[in-house]
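Sequence lines, in order, name chains A and B. Sequential numbering from 1 applies to the first sequence in my numbering. Sequential numbering from 1 applies to the second sequence in my numbering.
Since the hints were derived computationally from the structure, they do not count as laboratory data. This one's a predicted model, so the numbers in the text were calculated from it and none came from an experiment.
For lysine to any residue, the following SDA-like pairs were computed, each having C-alpha atoms within a straight-line distance of at most 20 angstroms:
| id | chain 1 | residue 1 | chain 2 | residue 2 |
| --- | --- | --- | --- | --- |
| 1 | A | K40 | B | Y19 |
| 2 | B | K226 | A | T153 |
| 3 | A | K157 | B | R135 |
| 4 | A | K35 | B | G20 |
| 5 | B | K45 | B | R118 |
| 6 | A | K144 | B | E230 |
| 7 | B | K226 | A | E152 |
| 8 | B | K210 | A | P159 |
| 9 | A | K203 | B | I125 |
| 10 | B | K210 | A | V156 |
| 11 | B | K210 | A | E176 |
| 12 | B | K103 | B | T90 |
| 13 | B | K210 | A | L151 |
| 14 | A | K40 | B | G49 |
| 15 | A | K73 | A | R5 |
| 16 | B | K45 | B | G117 |
| 17 | A | K203 | B | G20 |
| 18 | B | K294 | A | E64 |
| 19 | A | K40 | B | N126 |
| 20 | B | K302 | A | F63 |
| 21 | A | K144 | B | K231 |
| 22 | B | K140 | A | T195 |
| 23 | B | K294 | A | R12 |
| 24 | B | K140 | A | E176 |
| 25 | A | K65 | A | L37 |
| 26 | A | K73 | A | Y3 |
| 27 | B | K294 | A | Y3 |
| 28 | A | K157 | B | L132 |
| 29 | A | K65 | B | Q298 |
| 30 | B | K303 | A | S57 |
| 31 | B | K231 | A | I19 |
| 32 | B | K45 | B | T90 |
| 33 | B | K210 | A | R155 |
| 34 | B | K226 | A | P149 |
| 35 | B | K294 | A | I61 |
| 36 | B | K231 | A | T153 |
| 37 | A | K160 | B | R142 |
| 38 | B | K101 | B | H58 |
| 39 | A | K65 | B | E292 |
| 40 | A | K35 | B | Y19 |
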Amino acid sequence: MQYLRYGEDGIRVVFGDRIDPVINEKVRRYYLYLKSLGLKEIVDIIPSFASCLIRFSSETISFEKLVSYLTEKESRISAYDIPEPAVHEIPVIYGGAGGPDMEFVVSYTKLSEDEVIDLHTSTLYTVYTIGFIPGFPYLGSLDKRLYVPRLETPRVKVPKGSVGLAQLQTGIYTYESPGGWQIIGKTETRLFDHTAAPYCLMKMGDRVRFVRA
Amino acid sequence: MIEILHPGWLSLIVDEGRYGYADSGVPSSSALDALAYRMLNILLKNPSGTPAIEVMGHGFSLRIDTDVTCAITGARVETALNGEPLEPWTSFYAQKGSILKVKTILEGFRYYVGFSGRMDAEWVINSFSTNLECRFGGFKGRPFVKGDRVRITGPRMEKPDTIHEKNIPRMKPPHVLRFVEGPEMEYFSRESLRRLFEKKAFSWYNVFSKSNRTGIRLEGEPLAFKEGVEKSIISEGILPGTIQIPGDGLPIIMLHERTIGGYARLGVVIRADRDLLAHLKPGDKVTLEMVEPKEAEQLWDKKAQLYDTHTKTLQEVVQ
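Generate the whole structure from the sequences, applying the supplied hints.
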């Protein structure tokens, strides 16, 4: 585990450099522990696949001081009690108008549409991280046979509910937004509700299974 | 009550931002020019965090149906209250029935309009700021349109104040954006970086017309990735000011609407230059200049001191 600078008010706590359930679980444990400390100097924590990005208030603490404080606390992390993950089932309508990139995915992977769907629905995914828009779950790991690159130039608008692939990840667009993932289907499940806490259906570490709608 | 007569190109309610839920992907959606926003509320003697209107482009006008002190900060604009010209970054009395009109923008791109008192706005997840994509917060989660009416709770007539001319930030293009090294800088070819840092004509970028509140796209010489480097990264947390380089090699500077990104991060715009991002308009020339983190900190301290001086001076005036 490594503490790296990110701009003036960020710290990247890096646990690895690949998509790996063991690394991600370390990130999750660290994030939950850090959150439990409730430090007022920490503005936000963004845990992801292999790192935790901490945004801190540089008016109240320096990068060096915060890193040394966090280093001191490291020995307590392994004993911290973390909750069991929840399991979610997400129905998807694959292909057609809601899955404009299915054709590309089929041609890139040299699989049939049915094979793509079978592979996509056969894995119990882990929520590796949540973001770039509220509630968007980055799920992994995708079956290697479904590997596709991102779009070189992102789309300006991807509809809400779109289910996409990018490299060895799959995810769900919770709101209409720009995006660079290859879209293979659509779901009606609501993953984020700003009107009621805790707002977000899924938490980091939760499990997700896609089913044909 | 105020009534929007013309919304400009885009106007919406903002505040200091939405924090504490970035782990669920909730971005801050804060005012893009933090200094201008803060100074607005100081001029108006409002508590910090009072919602304000962020406007992009000229033409904005509104009718004020109450006696209240108002102010405009941010971009330098030519403004009139009932036809009478107003000074920049200066609060003023508006009588019931007054019409405030922003005719042209002289310098910069976004400006902040506020009132002594509090506009009624949706409070969502710790903030009044509008999240345009998700359609929540601010005024019904959307930009203003002609005819929208907003109530002002507790309107007050406060003695007018001003920010001294010499302390109003410059926003004239060409813009120099300083940044500190990002995590994926080594993804780019040495030649490409050398050209970026040589301040020659081709290292200039133009602000692309497709920029928005999420990110500023730059057009110009694309950055070349090193041979064999995977162009995208495993998605990871990002902070405002992050300069992302997608596969096409053209920089996108992320603003306050994203928590995670999947493109290589060349750098992070330093805090001292972050407010300037609010004033990059399509067609403006921009150059990128790398600095060391220590220098970035010093530049921020200098700017923060300026904030503090303003704040103290104005508060003394209040007492």
